Amino acid sequence: MPGLPSMNVNGKAVSADVEPRTLLVEFLRDDLGLTGTHVGCDTGQCGACTVLVNGMAVKACTVLAAQVAGANITTIEGLAAPDGTLHPMQAAFKECHGLQCGFCTPGMVLSAIDLVKRHPGASEETIRSELEGNFCRCTGYQNIVLAVKQGAAAMSR
Amino acid sequence: MTATASPIGQSIRRKEDVRFLTGAGQYTNDITARHTTHAYFLRSPHAHATIRGIDTSRAKSAPSVLAIFTGEDLVGVGGLPCGWLITGTDGKPMAEPPHPVLARGKVRYVGDPVALVIAESLHQAKDAAELIDVDYDTHPAVVNGIEALRHGAPQLHDVAPNNKCYTWALGDPTAVDAAFAKAAHVTKLEIYNNRLIPNAIEPRAAMAVHSRSDDSYTLHVANQNPHLERLLVSAFVLGLPEHKVRVIAPDVGGGFGSKIYLYPEETAMMWASKQVNRPITWVAERSESFLSDAHGRDHTTHAELALDKDGKFLALRVHTNANVGAYLSTFASCVPTILYATLLAGQYTTPAIFCEVTAVFTNTAPVDAYRGAGRPEATYVVERIVHQAAVEMGIAQDEIRRRNFIRTFPYQTPVALVYDTGAYEPSLDEAMKAANVAGFAKRKAEAEKRGKLRGLGYAAYIEACGIAPSNIAGALGARAGLFEAGTVRVNPTGSVTVMTGSHSHGQGHETTFAQVVAGRLGIPVDNVDIVHGDTGRIPFGMGTYGSRSLAVGGSAIVKALDKIIAKGKKIAAHLLEASDADIEFRDGKYTVVGTDRAKAFGEVAFAAYVPHNYPLATLEPGLEETAFYDPTNFTFPAGTHIAEVEIDTETGVVSLVDFTACDDFGTIINPMIVEGQVHGGLAQGIGQALLENCVYDPESGQLLTGSYMDYAMPRADDLPKFKVSNTVTPCTHNPLGAKGCGEAGAIGAPAAVMNAVMDALASAGVKHLDMPASPHRVWQALRAARA
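Protein chains in written order, with numbering that gives the first Met the number 0: chain A, 0 to 156; chain B, 0 to 786.
Source of the hints: derived by calculation from the structure; they are not laboratory data. Please note that a few of the clues may not be correct.
Claimed, not checked - Straight-line Cα separation of at most 27 Å, BS3-like style, residue types lysine-lysine; simulated pairs: (1) B:588 <-> A:93; (2) B:14 <-> A:93; (3) B:448 <-> B:14.
Said to hold, decoys possible - Only part of the chain B face toward chain A is listed, based on derived beta-carbon distances under 10 Å: (4) 200; (5) 211; (6) 215; (7) 254; (8) 285; (9) 444; (10) 671; (11) 713.
As the list claims (entries may be wrong) - Not the full set, but computed from the structure, chain B residues with beta-carbon under 8 Å of chain A: (12) 251; (13) 252; (14) 418; (15) 422.
Keep in mind it's a predicted model, so treat the numbers as computed, not measured. The C-beta atom is built at its ideal place from N, Cα and C for all residues, glycine as well.
Let the sequences and hints guide you as you build the complete structure.
The structure is reproduced here in structure tokens:
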């Protein structure tokens, strides 16, 4: 029985005719062409597929598209301003060299935004422990932690 | 155009970041062809079995299945080649068993690909794969390199009796024996360098497209060296004309070595794309990555160090068993030999060294180069045994190293290499200062009051990067060249497009290389674009591995820039009505020496493409040059890493409380990027020492660490804030003075961390511990020592 999830993705109402077993990440990538959301492990551990569902960080490989019908979804493509101005967290990642190959980056940035909302002014220790659901194999996390701190400060301004 | 401050040595923010930060990166699986089909690989669930038969009839009639291929269907398809021929001590070439693209006759590891299913959707391909009936006759498996050599062990390949690939040796055993005979002290060490799974966060992926219009193929693939991939897949395996194959490695989400190699999946897909006359797309699931990406390390080593009464090293003797897995991966054979034994001198004047390596086939995934490749294994041997010798002889850890440092260069080691330059004591001194070694005793005492054991560990490592020159590598068995190519295209408006054979998969070449070009030409960095990863756009290239990109690829670009500048001089001389010899190029301007008459670089470029006032009789129009650069020697980055740990004796938990690295990478173009490379390498090295471990079940040969629930990847809260600094002795034989920085962290960190762990555990009586120093192992070691 094909489902017809409709939801709001990056401010646009969308819907598509997909199989019930379609994961949110598959829906975003394959049906909407939003390939910025990456699949790194398909087992809910690496966090590369993290998106915001109603403002909360969710791993898009662990939920079905049908489960988030009606929700507001933000992917990495929806963060920057329409004129291209980066979100403060995106800008901080660039400024602090918080990314190398870029594959974990979209999930990392969206997790960081969720983290900052829940822990404004988080300490380095809190940031490190809150990021444990997101793997990065390139950076050793040091500059990511720096970026989250700097992004948090910029978001509070 | 105004002269800009030189970008060399500046931490310029990366040009590639915006696309990665906005979801605009184009990784292989983000690229789709119209009407693409989807591939799924059915893999062996057994470590060792004979295939009695494969029945694909039910699967073939499943909905939307286009084709199913097994090994028997791949008629005319060769085996996957190994790129380095090692000749054994018996004078015979290594055993090189056939490595079929899809299993034929036998499967030899869990994950060995058995059938390729192509369907309209991935779900349909997977559903159909479940309907394939493979009749396996299972055999006992062997997963350990030592066990595989024992009499009666299961035999993997007919052409490799006793599972032996080769026994190879380097050095002078007679000189070593003589030195041991007169030694005042001998230190012995048995160590296991644990098997690792690379785990780039982007899984391997490919898309193969055959074009009927000109019988050509385009392969998009997550790969570190597209030209090498093209050469191997076309000439060596599929028998296709090289010019009919285009390989594109677009944005690649990390490699660490694992994406150097030609793998079965993309090879089978290329072949099949013509058969089904449709594009084919595939991306590995993470569980497939665990099973089938080339693994790293897996050395079992017995080492002995002979010392005189003052702690001077007299000789080193090393015997290593290297587990290469079920088949020889692309560069598997050179990692435990050429890239390992040659590094056993380390930073020291050890006059006699002998190393014998036996490479062994087992029922495990193929093992190949993983970040550092042979050099972390060598550093681990040298720095662990030096640590232990210092303990045994009662010499301070820094002092024993100082007594043995090489101090004059060039230095010929007894294991073939000639170090061109270096300065090891300044790195040691700076690392000790940054690590506040002077305050360690106090910190240790304070930890003891809290019931914790605290330890300090050193690793003074060396690595050999930018493997070269090609002719010597060839004499040692390399089946490929080791140069790099670069093309500099100056566009008519003065902007520059550079085609490089190096590949960037996180290293930031688009920024660093642009800085090199902008610095030489005196133009803004934003006016330079770097193109990489496409055999259709780049003349040639050998790709990125072994920390070679800047030292070799960057040098090729510099050579091309020299040609550009020289040609520009001739154009400028014409425009300025002066002789070539009177023109100098500086800060982006061609000037008649001693005058203020000048032409900007952009004006010269424009003249080259609009040659109205131009020496057409003697000079071709246009401004584009290509250069190939074959280094005359390796480069030798080196440094000292210092780890400080605290161990909870109740739980066995090792906390890495501090990590300091002082590295000498020669000239640095972008300090921010270099520091990032060190951070990443350290994380992987620390991961090896404390967390990561690939384990196969010794009976069944099943991979026990096949997911992120079982294989401990370093997370943000596992790592400390690293203290990173540099000393600089420029490389003497490349035009940039650069040595390479990508692997240093992974090379130095394991030994530094384990030496710190051993230092902490010494007072508890623990004498031996292998990586990873997990809480379980540390707790067990403490219990055993107490008993």
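request  = With a cut-off of 27 Å on the C-alpha distance, tell me whether residue 448 of chain B and residue 14 of chain B pass.
outcome  = 51 Å, violated
inquiry  = Next item in the hint list is residue 215 of chain B. Is there a CB on chain A closer than 10 Å to its CB?
reply    = With a minimum Cβ separation of about 26 Å from chain A (threshold 10 Å), the hint on residue 215 of chain B is violated.
task = Identify whether the interface hint at residue 251 of chain B stands, where standing means a beta carbon of chain A within less than 8 Å of its own.
result = Status holds, d = 7 Å.
task = Go through the hint on residue 200 of chain B and say holds or violated, using the shortest Cβ distance to chain A against 10 Å.
result = Since the shortest Cβ distance to chain A is 5 Å, the answer is holds.
message = Min Cβ distance, residue 285 of chain B to chain A: is it shorter than 10 Å?
response = With a minimum Cβ separation of about 4 Å from chain A (threshold 10 Å), the hint on residue 285 of chain B holds.
Chain A contact restraint for residue 713 of chain B - C-beta distance below 10 Å = With a closest approach of 8 Å, the residue 713 of chain B hint holds.
message = Checking hints one by one. Is residue 254 of chain B an interface residue toward chain A, by the C-beta closer than 10 Å rule?
response = At about 8 Å, which falls below the 10 Å cut-off, the nearest Cβ of chain A leaves the hint on residue 254 of chain B intact, so it holds.
request  = Answer holds if the nearest beta-carbon of chain A is closer than 10 Å to that of residue 671 of chain B; otherwise answer violated.
outcome  = At about 5 Å, which falls below the 10 Å cut-off, the nearest Cβ of chain A leaves the hint on residue 671 of chain B intact, so it holds.
query = Taking the least C-beta to C-beta distance, is residue 422 of chain B closer than 8 Å to chain A?
reply = Where the cut-off is 8 Å and the nearest Cβ of chain A is about 26 Å from residue 422 of chain B, the hint is violated.
request  = Would you check whether residue 211 of chain B satisfies its interface hint, that is, whether its CB is within less than 10 Å of any CB in chain A?
outcome  = 26 Å, violated
key: Hint status (Cβ of residue 252 of chain B to nearest Cβ of chain A, threshold 8 Å)   = 3 Å, holds
request  = For the pair we were handed, residue 14 of chain B and residue 93 of chain A, check the Cα-Cα distance against 27 Å.
outcome  = 9 Å, holds
Hints 1, 3, 5, 6, 9, 14, 15, counting from the list given before, are not met by this structure.
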